[in-house]
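If you're matching them up, the sequences are chains Z, L, A and F in order.
The opening position of the first sequence corresponds to residue 1 in the working numbering, with each subsequent residue numbered one higher.
The opening position of the second sequence corresponds to residue 115 in the working numbering, with each subsequent residue numbered one higher.
The opening position of the third sequence corresponds to residue 691 in the working numbering, with each subsequent residue numbered one higher.
The opening position of the fourth sequence corresponds to residue 1210 in the working numbering, with each subsequent residue numbered one higher.
Think of the hints as simulated: they come from the structure by calculation, not from any bench.
Careful, some of the hints might be misleading.
Derived list of chain A stretches under chain L, where covered just means 3 residues or more per stretch with a C-beta under 8 angstroms from a C-beta of chain L [to be verified]:
| id | stretch |
| --- | --- |
| 1 | 940-947 |
| 2 | 953-961 |
| 3 | 1103-1113 |
| 4 | 1142-1152 |
Example chain F residues on the side facing chain A (calculated, C-beta under 10 angstroms, incomplete) [as the list claims (entries may be wrong)]:
| id | residue |
| --- | --- |
| 5 | G1917 |
| 6 | V1934 |
| 7 | L1947 |
Each residue gets a CB set at the ideal place from its N, CA and C atoms; glycine is no exception.
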Amino acid sequence: MAAQVVAREAPNRPMVPISYYLLLAAALFCMGMFGVMVRRNALVIFMCVELMLNAANLTFLAFARMHGDSVGHVSAFFVIAVAAAEAAIGLAIVIAVFRSRGSVLVEDIRTMKH
Amino acid sequence: MSFFDTHLLNLVVFLPLVFAALVLMLPAGEAGQIRAVTFIAMLVDLAFGAWAYMRFEPGGPEFQLEYRVHWFKEFGLSYHLGVDGLAASLLLLTVFLGPLVVLASTTYISHRIKEFHLALLVLQTTMLGALVSLDVLLFYIFFEAMLIPMYLLVGVWGAEDRQMAAVKFFLYTLVGSLLMLVALIAVYFISSPAGARSFDYSSMYNGLLDANRQLSACTAGPPGACDSLTGLAATLHTYGPWLFAAFALAFAIKVPMWPVHTWLPDAHVQAPVAGSMILAGVMLKMGTFGFWRYAIPFFPVAAQNARPFLATLAVIGIVYGALMCLAQRDIKKLIAYSSVSHLGYCMLGIFALTAEGATGSAYQMLNHGISTGALFLLFGFLYERRHTRLMADFGGIAKVMPVFTVAFVIITFSSVAVPGTNGFIGEFLVLLGTFKSDLGAAAGNPHLTMVFGAFATLGVILGAAYMLWMVQKVFFGGLTHRENQHLTDMNLREMLTVLPFIILVGVMGLMPQPFLDRIEPSTSRFIARARVGTPGATVETEQVRVEVMGLPAQPTAAAPSAPAPLAARAVPSPRP
Amino acid sequence: MILPNLTLADFLPLIPAIILVVGACILLLSEVFLGAHASRSYQAVLTVVAAVAAGAMAVANMFEPAHEVFLGFGVLDPFSSFLTFVVCVGLGLAALSSVSFLRKRGAERGEFYALMLFAAAGMSLLALSNELITLFVNLEVLSIATYALTSYLRRGTRPSEAGFKYFILGAFSSAVLLYGAALLYGATGSTKLTDMVGPLSSALATQPALVYAGLILLGSGFAFKVAAVPFHMWTPDVYEGAPTPVTALMSAGVKAAAFAALVRVFLTLGKGIDPHLPLVLFSTLAFLTMVVGNLLAIPQRNVKRMLAYSSIAHAGYLLVGVAALFVTAPGEQFRLLGPSELTGGSPVELARSQALRGILFYLLAYTFSAVGAFTLVSVLERREDEEKGTAWDLERFSGLAQRRPGWAVAMAAFMLSLGGIPPTIGFMSKLLIFQSAVDSGLIGLAIIGVLSSAAGVYYYLRVVVYMFMRPVPEGALTLERSWSTELALVLSTAAVLVFGILPGPITAWLQQASSIFGQ
Amino acid sequence: MNLSQFLQTAPVAPDVLAPSLWLIIALPLLGAFICGVFGKMLGRANVNLVACSAVGGAFVLSVLAFWATSDTDPESRRLLSFFVNPFGTERDYVRYALAHDYGTWFAVGDFRVNFGLMVDHLSGTLLLVITGVGFLIHLYSTSYMEHDESYWRYFAYLNLFVAAMLTLVLADNLVLLFVGWEGVGMASYLLIGFWYTDPAKAWAGRKAFVTNRIGDFAFLIATFLMVLLVGAFTEQANERDYTMANSSSQRYSAALQEKGTVTFLGLQKMAEAIPEGGGGAVMLSTPIAAGPLEGYTFGGVMTAAMLLFLLGAAGKSAQLPLYVWLPDAMAGPTPVSALIHAATMVTAGVYLFSRMSALLVLSPTAMATVAIIGALTSLLAALIAFAQDDIKKVLAYSTVSQLGIMFMGVGMGVFWAAVLHLVTHAFFKACLFLGAGSVMHGNGDETDIKKLGGLRHEMKWTWGTFFVATLAITGIIPLSGFFSKDAIFHGVHHNHLEGLHWVSSVVYYLGLLIAACTAFYMTRVYLLTFEGQRSKEAKLAHAHESAWQMTLPLVVLAVLSVVSAVYAWPLMKAPGDGRPQPVFENFLSPVFASMNRIVATGKTVALDTSVPAMGDYVFAWLVAVSGGALAGFLYLRFFPARAGQPAPAFARAVRRTAQNKFYVDELYELAIIRPVKFMSFILFRVVDALLIDTVAVRGTAWVTARVGSALRYVQSGDAQAYAAVMALALLGGVAYALIQVLQ
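Put together the whole structure using the sequences plus the hints.
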């Protein structure tokens, strides 16, 4: 169904090429990755991970539009759901960390090493 | 043959294990009972082993008392037992040592007696299994499994520095045998096409045989003739040396040959008397046995090329080991190094590829088991009394322990191969075989044989030098140390333990023929198989082809003991 | 809008997972009716029952012919069923070992076992998912459950830290995996593995970068789950911090499930692309993992951490088997056995099925050995020492042979099995792995493998040395026994020793299981 | 019936006796076993009885065996003691001998050794010497060891020795001979170190054994060369060779298969087949076709083998360069020195070469070497003996010297004379040693002749016998020593080695010098011990004569050393021409028959069979007397006259050097023993402990462990670092992918 829509609208309206979306997604992904590596606050790091997931989502959607099928959309929904679950558990863990040592900065969370 | 005959080897191998289960049930406190049960187990095993030895007909087929059933057939394994002359002889040696080892340790081992005897019994099973298994992987399994109980023997009941020695022993031997495992798997794949593959000795050997013949045929030809080879022969041409090297390394470490011998002194020095006896008596023979049964027959050409090198190592081992002995202050270390020297004779005899040499080598294996085993046993008695291994702490013992001294001196003479003792026969035959061999020709100049022989014969002098030096330091001279003045002579139990050794020294020295007769057939076959590798040697396929019983039709049924008809044997066990 | 018509047969493969989930729900519900101090050992029993039932179903499934279910979102093949079986074995043993563990810490709560069951369900589903999103979801199901389990114990800093690290890095890696999936979807226009194969080959021609990037990302996602070097960094910390039974479950189940997914994805997609890529990828990973894992384990005095590193090393051996899967012509890769392999070597199918067999058997063997070992670690540890970090010190094992000979023998068996010494199951499994490696001509890897495992034997033996050759230290804490732990130990020891000599039905199952759907 | 007839009709027929030859060995062995195991409980008297009767029984059997070797049918005068040579044709007999084969000892491949015993006139003679002198010495010992509490051990060893020595003599092949060869070495090791509580004595025993082992090393290699030689011979020889040796190829190879590879008869046949001029395929100059010896000639290998045997014999018979053990061997009880180190064991080398005379004469080089070695040893020993003050040491060196004389004889081809000297020497040297023992026994174990003296009045029997024996060894007419020694010198003078003519004269004049020296130092010992005044430093004021068990053997031996002179007298007629022939030469001619045949064809040695003329006798006698007279003058007149005045420096220097045995032991210590010990020490410390074990083995482990503990610090515990690593790996993977794409 969505494919038909695309087909109908295609000729008369100029549209943003897929590659832009992809590049944006890639940029988001890299930013997320970078953030995970550099940010100090556990919560922010967690947000960066979410950023990565959403980059994946964006990619899915972009490709879904390119292929004009629904698989990508469905995937995106699944991912959002999973991300929500992750968020829940993640926050719980961060709270546990905070309880146990009163800080959520990663440099404090390194008792186990070597 | 009766059901009993078909299962005789099973019985011999697993009887100790069964008794181990029995010992396991005994309460740990009941030291006496535990010892008694173990001793009985060993005695019964000795009886069956001796029976198996008697049942072995020198004139019969190569492998006798065979037993074979399906086992892991998906992986190309089968549970296959059988003995040839050499295996039978070594089996006899093993079961002979069993009860004596138990007797020797009755007072030596004072703590954790139950575990000790369990370890002994398990060790016995693994060693016997390695000797009789005709499936190469089965052999490998036993070969490695025997490390575990020995490792415990050394590590738990050993002397002060035992843990280092145990771990060293274990890892040292493991590294070699693991590489061998890879080579073994490679042989498994190349020896026969997919579907027909099996780890069975016969199928592996027969699978390689034709390729080996092609290879040796082309090595006889002009240089570069081997590049035109195809198929398996080409593979062997390219990778045979490496595969052989893997096998040789594993077994050389076990023997041990120079320069991979350094685990031996530590292990021997630290091991308890039982450990030393078994280590010297049986375990080292696994290396020589491996060369004899696997390494050289599988890769005759590579072996042929490596012969001068390995023979040189053996000769170095003889002289070097003897020289090491002269530099020792520690009696057990001295005996350990003397083992290096003696095993050098065994290896030299094997590489001489002459009837005299190989038979002498096999006989020397038995001799070494007896004389060195007895030396460790006797020193164990001394160590129990004095708890020191340094020669400097002894001196003039003969005054207080005359009987002990006599026994020790007799064994010493056997160890330095005085004629009339068993040691002489083996050493003489090995040296004779070396002098008659074509080692020199293999090394490039026929006259080099003389050099090999002469250097090996040097061991005769050095052997006397270090053994008598030790004997003098320990037994003769004045009683300088006060601690030694009240040493008690051997008690009845100890005498009974030593007596069998002394008797065998005489018997094997004066009537070696019965033993030699059983060794001879496997010698001739071994030499024929090794000769496949010598360029231009004419060896009939019938001479060297390994004939064993086929797999029983339906799994887990006792195999028919009569050798299957040739048609059945022509193809190795088919995999369903 | 067409509703797919699903027959009952479509649910057949799900039954084990369903059983597990149901069990979990029952546990959670039962919690409601329990007082704070009620005894909760029945929960472990229930878990074990669920595990056994699921395992039995899995075994029953194993003899079903391989076919797609749920419109190809999942498959039922002996491969996945065997993995489910492995997972259930791990789950059952871990559950048994956690009874006394939790009681000692007064942390018996129903959600623990429930989470275990959920995780196990996720694993078994992961093993049979045949579509990238399904795969991702199942992966997350098991991951999230394990995140929770990891930081289950609230006292002390370690559990939360472990949980945090595991969670952050796990989420990171699953994001990576997901992104890879997205790229592949873009390249092929489908997320069903079976449908992707065809387009993939054409996409490889048009936009190779996309395909390669996707595959790499996907691969690294899995590499994280199986703890392959250099994606292994989380492992020691998480394994150390997590409750020991959970560590056991992770080391056994998670690894198994991840390997299942890995093998399935890359085998299926591998048909679409030049197999050289996965071969190189996995050989490299295998090499690094074996060597680094073993090297890192050598200096460890902390047994739990040592086992963590050793589990990395074992992932390396498994990766050798995986690499062997992608050798298209036996011996063609390194030519170490020369052209004769064309005559002597097995045809690809046989080689491949051998490799699969090796991987599966290895997973089973490792499950038994590792779970057993972790169980023993768990009975020796004490919460008070965890902060000091001495809870898992080698000293704990000193003189164990005198105090608890049975345990010492069991631990020795596990250690030897992990070290691959006959006559244990560990030897047989290593044999199969290296057999397939050699058969496919990966001799180099095989040699590295045996050498590194020789190095491994060193640190395994050290434990044995402490148990058998060290005196009992003064003031050694009392070792109380509990039926569940003993049972777990007896079962795993028996398995380690017996299956090493008499495989029994397992070889038959393996013959079955080595046929994977679409292969 | 006359004497010869009586001697030629044996009470026990050879074919009856042959199967029980083993008893000769078994009896002493049994004695050794009984004394050794039950000796303590049996008590002194019984042990004495057992030991003596064991050897006595062996003696009786030996007499019977000896008798049987020349058994002839009284009526038809036909020889009864002979057997068909298995290596020769059916018509080829071994005469004056009996042999029996007790079956295989060990046989591997085409190599075989049998328990084969053989008695011919040579071994028969030695049997008598060994058992006879052995019995006397056992008898002597019963009194000599009466105060020693471990007498049973002593007699066990002594019997063991006798058994081994008899094996050596009776063996019909090299390997079995080697059993006795090493057996006697072993027994002497035990007996020298009999008083093991004294480290020096134990050390002397070890020195003896190890030195002998050096000889055995050569012996073994020589044996192997023989095996190879036989193999090559059977490969290359053609029928003509065999016919030349009065044999045939199939007979020969059959015998090899059945009798063994290294039997003396077989070697003899081979020797008969290969001399030059026979015109067969195999000659001394024929190169060996194949095998390890490929390219070497038969003659060359034979020479090499003989030289190796010489080294072996040197070890056993205390010749250069291995004579050093014998003087130290005097640490043992004196009867042991008498039996082992004078009468029997040390003569094994001479026996060996006489047994293998057929092979020896094939190589003049080897013969020359033997003779020269003998001469040099003899001279050196004699010179050392000048300055020794220990009576046993003097006798020991004189033994070495006498053995050297025998080697001279062997080397120059006068085998019969060498063997004769062996016998006579056994008598008078045993007598001397036992006399010395009696002297020590009567003087509180005093061995320093400077502290003895004037014993002739106190120990009459000892003095008398010692006097006779001294005359005998000095070579005074008409005692046995004179004749046997002179027979050797005569042969040495007149025999000629092919291409090495100068040797005979050199050796001959050396011999005369030695004779003079012998006379000198023996006289010296005699005078200092028995004549003059009793020394001030004597341990006991008055010596006492020993018991009859000790004096009786002395008397018997003294008598024997007189009467055995008869053997050297030319009373017989040579078989061929009727020339007069010494009794002993005639007696041994069957043994050396094949040797003579070879010499006849091969022309390697020119043997002279003339008997010495009166002139020679007188000359030799003068030499001996002059030596003795000089000693007499010096020690009766010269030194007593200028007692107290310091001797001139050069004299003292010479004396010190001689006293220290020309520092040969020190030389060996410095040149051989030290280096070996040092090398072994260095090897152990550097190669074994350091290079192999520490560097190679532990080094690997160490490096692995270090790498591991270095790597673990990458594990920083920082989650972000972990993520970074993963990201880097990811980057690497992508990079690889891109490279793939770009290609």
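Going through the hints against the structure:
Chain L is given as covering the stretch 940-947 of chain A, and this is violated because 0 residues of the stretch bring a CB closer than 8 angstroms to a CB of that chain, at least three being needed. Proximity of the stretch 953-961 of chain A to chain L, defined as three or more residues with a beta carbon under 8 angstroms from a beta carbon of that chain, is not established by the 0 residues found. Check on the stretch 1103-1113 of chain A: 4 of its residues sit with their Cβ under 8 angstroms from a Cβ of chain L, so the three-residue criterion for coverage holds. Given a C-beta distance limit of less than 8 angstroms, the hint that chain L covers the stretch 1142-1152 of chain A holds, as 6 residues qualify and 3 suffice.
Because the beta carbon of G1917 of chain F sits about 4 angstroms from the nearest beta carbon in chain A, less than 10 angstroms, this interface hint is met. Taken as an interface hint, V1934 of chain F checks out: its beta carbon lies about 5 angstroms from the nearest beta carbon of chain A, inside 10 angstroms. Evaluation of the L1947 of chain F hint against chain A yields a held restraint, the C-beta minimum of about 7 angstroms falling below 10 angstroms.
When held up to the earlier numbered hints, the structure conflicts with 1, 2 and fits the remainder.
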